Amino acid sequence: MNILSLFPAVPLVMMLGLWLSKSTRQIHAVMVAGSSLLVALAVVLVVQYLGLRGAGETAPMLFTASHVWYAPLNIHYAVGVDGISVAMLLLSAVIVFTGTFASWQMTTDIKAYFLWFCLLSVGVFGFFVSVDLFTMFMFYEVALIPMYLLIGVWGSGRKEYAAMKLTLMLMGGSALLLIGILGIYFGAGATTMNIQEIAALHNIPLSLQRIWFPLVFVGFGVLGALFPFHTWSPDGHASAPTAVSMLHAGVLMKLGGYGCFRIAMYLLPDAAQELSWIFIVLTTVSVVYGAFAACVQTDLKYINAYSSVSHCGLVLFAVLMMNTAAGTGAVLQMLSHGLMTALFFALIGMIYGRTHTRDIRQLGGLMKVMPFLAVGYVIAGLANLGLPGLSGFVAEMTIFNGAFMHPDTFHRVVTVIACTSIVITAVYILRVVGKILYGTCDNPEHLKLSDATWDERLSVICLVAAIAGMGLAPLWVSDMIRGSVSEIIAHILS
Amino acid sequence: MDYTSIFTLMRAEVTLTAILVLVFLYDLVAGERGRRRFSAVVCGLLVVQVAASLLPGGEGELFGGMFQYHPMHGIVKGVLAVGALVVCLQADTWLRREDTRHKQGEFYILILSTLLGMYFMIGAGNFLLFFIGLELASVPTACLVAFDKYKRYSAEAGAKYILCALFSSGLMLYGISFLYGTTGTLYFGDMAALLDGSPLQVMALVFFFSGLGFKISLVPFHLWTADSYQGAPTAVTSYLSVVSKGAAAFVLLTVLVKVFAPMVREWQTLLWIVTVLSITVANLFAIRQRDLKRFMAFSSISQAGYIMLAVIGGSALGMTSLVFYVLVYMAANLAVFGVLSVVEQHTGGKVGLEDYNGFGKTNPRLALGMTLALFSLAGIPPFAGFFSKFFVFAAAFEGGFHGLVFIALVNTVISLYYYLLIVKAMYITPNDTPVAAFRADRCTRISLAICMAGVLLLGVVSAVYDGINLFSFGL
Amino acid sequence: MYFTLLVVVILTAIALVAVALGIARAISPRSYNPQKGEAYECGIPTRGRSWMQFKVGYYLFAILFLMFDVETVFLFSWAVVVQELGVYGLVSILFFLLVLILGLAYAWRKGALEWK
Amino acid sequence: MIKMEYYLVVSTILMFVGIYGFVTRRNLLAMLISVELILNSVDINFVVFNRFLFPGQLEGFFFTLFAIGISAAETAVAIAIIINIYRNIRNIDAKSLREMKW
Amino acid sequence: MFDFSIITSWVHGMLTSVMPLGLAVFIECVMVGVCLLLMYAVIAVVMIFMERKVCAAFQCRLGPVRVGFWGLLQVPADVLKMLTKEIITIRRSDKFLYNLAPYIVILASVLAFACLPVSKGLEVLDFNVGVFFLMAASSIGVVGILLAGWSSNNKYSLIGAMRSGAQMISYELSIGLSILTIIVLTDTMQFSEIVARQADGWFLFKGHIPALVAFVIYLIAGNAEVNRGPFDLPEAESELTAGYHTEYSGMHFGLFYVAEFVNLFIVAGVAATIFLGGWMPLHVAGWEGFNAVMDCIPGFVWFFGKAFFVVWLLMWIKWTFPRLRIDQILTLEWKYLVPIGLANLLLMVIVVVFKLHF
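Chains as they are written, first to last, in this note's numbering: chain A, 1 to 494; chain B, 1001 to 1475; chain C, 2001 to 2116; chain D, 3001 to 3102; chain E, 4001 to 4358.
Treat the hints as calculated values from the structure; they're not laboratory data.
Keep in mind it's a predicted model, so treat the numbers as computed, not measured.
Each residue gets a CB set at the ideal place from its N, CA and C atoms; glycine is no exception.
A hint or two may mislead.
Unchecked claim - Sample of chain B residues with no beta-carbon within 12 Å of chain A, all distances over it, derived: (1) Gly1031; (2) Val1050; (3) Pro1071; (4) Arg1096; (5) Lys1151; (6) Gly1197; (7) Met1203; (8) Leu1420; (9) Lys1424; (10) Arg1442.
As the list claims (entries may be wrong) - List of simulated lysine-lysine pairs, DSS-like, C-alpha gap at most 30 Å: (11) Lys2055(C) - Lys1151(B); (12) Lys2110(C) - Lys1103(B); (13) Lys1103(B) - Lys2055(C); (14) Lys1103(B) - Lys22(A); (15) Lys2036(C) - Lys4081(E); (16) Lys2055(C) - Lys4081(E); (17) Lys2110(C) - Lys1149(B); (18) Lys1149(B) - Lys4335(E); (19) Lys4335(E) - Lys1103(B); (20) Lys4155(E) - Lys2055(C); (21) Lys4095(E) - Lys2055(C); (22) Lys165(A) - Lys1361(B).
Let the hints inform the model, and build the full structure from the sequences given.
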């Protein structure tokens, strides 16, 4: 079996194991074993990938395999990875692993919870390994629907509303996507669903591209929290249980950026060039608006959710800049945002689990009460505002560098505008950190709270390590990515 | 006349007739003990029927083109027989009740005769046989709808069904009469050659279409649907929503392709409007429903709209997609109705949406089955519904109906909303007095297992689709 | 030709009744008495509405009749050509009759033929 | 000789009277009768087309024959159901069937 | 054999020679109508008289003897009496239907009557679906009876009408089946053709056992079809006064009465036509002399002879058997006559298909 097929297969096997397990211990065992295996697989994949590239392998996609699935529509089960996907797989594996530990304290109906969680990861992994439009889309939708139940059943707050809103908006997005995919397939002569092959054909007429590009881009953009379509994200994140927020903000939103890059722009390059300005404007709005919105929130999760809107907006922004540097930055930003946002949500979940409130007005002085979590929170915050040495800096610098390389005024102006988000980010991060971690602890109840347990520590440490690792040694990641990005960019510009 | 060709080309009909007669005789001679084994007998025979229908065979026609056989017909007949089988399994609990036990035989006979009618409708190569098949399919259905004799709703539903069925067949016949008047033949093949798209024929097409539209319950011909679905016994509702609808949809496609090929532009326009209306209106109405049977009625109307997406292109791809869609829809819808029906039997007739609050806690297996089926209906992967929806969209898209596909897609979102309402009721909404935990009887469990297998496997295992695709034909 | 004759026959029938009744009305005596307007039920004053509900048995037989009467229609058109069709005609109608006979057997077994 | 158009006029009138009746009448039996009018108009159509346009064949006649037979069966079922409604609610007005909305 | 169409065509030729075609046809039509009317009336009168005499004979009485020679004027006297009786319409009846009922009953009976071929070339309606038409036309009668019972606003009438309806429609099946049996043999439905096919032997003899069985069934069912004893419960006087025509008086009642007797004749006439050769003389193969003598007797004599023979048979039955209960009537029909009729039909088909008949 192809190593890539193992990625969606492992969670499936985990689901089977969960189905059969009888006790909480068994469930935990299955989850730990499975998610560790996934991380191991991801690491092996990275090593192999780098090895192959080092050996001079130049094909855009490696580890490819293709099995005919639905012959009449040329649907194949086709897998393959390039640098971007490898990075994403690694990210996903890490998040799934840490998410498992973040859900360690979960008590209600954990069997079903982990079942849906695994289904979610099936979708995520499947999406990143597929190179067939149909399979990709299928995995994309597989990832969406468990969200509904995870948020609706295990969430908190206005969970029903949030779950429904999230599901419907994302399904709306996928509806646009589906028609776009059909448009691409039939526009390219209805002979293949393989992304590489369609790109190679390069035969979709511009008039059709003009129709399908916005649809596909918006379709993925909804998931990537593109400005007018982002409203599901704060509600969804706020209501979701911790691990789901992590997975969602950390990985699922990346599906949007990845899809925009890999499908919308790669397969519909001419329209992408022609229409990119609209979306650049939207993403700029997204970036700035998200940051400003985060400033006025009082709920920790909402703050982080809006921050995600801002950062994911940055991903799309970078993608639309269409040069290698910005593209690389986009992927780095995906990685970085995935990790730090997951860390954020994990920590918020842990704090919430103790204090039962996420309102920053009711929190304060937590640094003394739970130093470990507080330190973690500070690190996440610093990464978020782009402190050098942590992953955020690497990503954002690359993006703005790349974006500014455009000679024309329009691109430069929007880049400058987007840059302001860094400052605003600093404002809201520091405000929160100052309010809840330092200062005095007004609530006597909070003083009795305990610090992180071992499972929480494990997940936080993993994520912090990853963030720091990326910040300190960004080159191997960006090297891995750059080749693939430049390949795609070259195709778009050709 | 060559008798062997009757037995080879009409084998589905011949076996079904034999089964019908056997069941009939069994009903006449069986005593009280024999009655108890009735469902086993019928289901066993239906398995034989499925096998007989699916046996491969060559193309051909009988009685001078009156009856046609195409391997695709065999597949559709097999699919319908599977549907009938599952319905019979699900009806068992209900049929064992005190007030229906003595009517078991009638139920099975009526089901089988409607099935026979559908077979003839599918195999028809002439409007006369088509009409006879249609009526044979719809008249016993009315009896089935009104089967719960002492329930007022059932009788009401039956009356509405039969009146609407009569009305629609009247309209359809009126259409056919003008087709006959303008072409002078009733044979599909001859008629196709003689149609020229004159205004009279367009009118005839509209009438004909409205007749079939009633059977498929497309908006604006859907008025009977909700009431009949609500009033009919649940097993019958599921039969109505799946088997008869599927048959009618397939026939619509074949007739449009075979007979109305010269008027393709006209009927595509017609279908376009009707499809948009069906999907949209039904979805909007479904949101308001609180009775799950009515709810499923509107859901089935919108599903009918999706089926029409496969018809509109008139292509071979469309036909494959249609049959596949019907098969998948059958699995999912029958699963939903299976759960509905068993809950109704165990709770003394509870079918309201709020009755299902907290159902997921007390009966997790049934709730899970229902959830998966609803996801399949909504078109969520990896369940089969996703694949079938994708294929009908692809079929319509291939025909160039981009706007239509777009509208349909937007509607899938709405439909997801209301399907999720049920999921929400089952898993999320708290309830102090949920449906008590119970264990479904064997027949229901078998039927649900079949449906679940369908929901989970039909999409992933592409062999089914490929098998259907081998035999499809189009314009 | 046939049509004309048919009309003539129908008119004749109507004329027959009209003439007979006309003559009768013309020559018969007429007297008014409220008692004459009463329904005659052997001298006992009639009670309740006369248009009452009926035994469902009548309806059952009506339905059965419908089935067999319609069948006769088809049999007639078959009967005139059965000599030409020969064995094929026999076999074809056997099936038709089988259904009919089954229908009768059904009605019999289910007690529809008992006048209770 | 009576022309074909005259017959067609009759059948068309029957058809639309039937449709009108079906839509406006609220008594189930009246609705049933309206439907029968529609079916009869169809029968007339078939016979007339066959007689005047295609005298060499019998398809239209046979169609009519079958249509009559089938509509008889349908009527039997419909009346049975209507009687059952009457037994249940002592009324056959479609208005009183508003328990379930159309 | 004398062909009556010679006369009709002579009349036609004579008329057209002196006047335009349209007028001639009109006059012919009037003549046909008048003849039919007269014949109908005469048959009715004869039947009523015959009924009384036959009934008396079976009951060892004399019957009417006082009015006219041998009581021959009894029936005209009755008619006169009926004409002078007041026609009463009762209150709260459905006036329109009440008055419509006799029209329908008479219409049915006249239509059926007009189908009978009295002699060669002497028939009014001779459709190619004659038998079918006859059955259709005669079954209109039941509508009239139901209307009469319904509109009278009398419980006895209503019950009588319902019973009559149930009985008539039930027995119509057996009539249909027994006639079908013969149609299978003749492969035509035109009365003149049916008669012509019997030139070399009556169907009763040609058709083997099935024809015989069909004839017996036909007689029984025919008797029930016209509501005559032992099947006369629609008007069972001991229970229902006079059944569906209780509320009809004077000539109103008279019309029902007439229709009933003519219907009896029609049943007999149809029996004579399709089983007994109609106006065909009795021929015996090989007996040339005998056949020649038989040929001398005019067709209508043969027809009426056979018809009245059947009428006599039916009267015999009526005055011999006691009245049945309704459940017995329906049992007889549905559990005996219909199954036997169906089996008989199949038997006849087999006979015909394998050429076993004479």
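For this session: Sort out which numbered hints this structure fails and list those numbers smallest first.
Result: 8, 9, 14, 16
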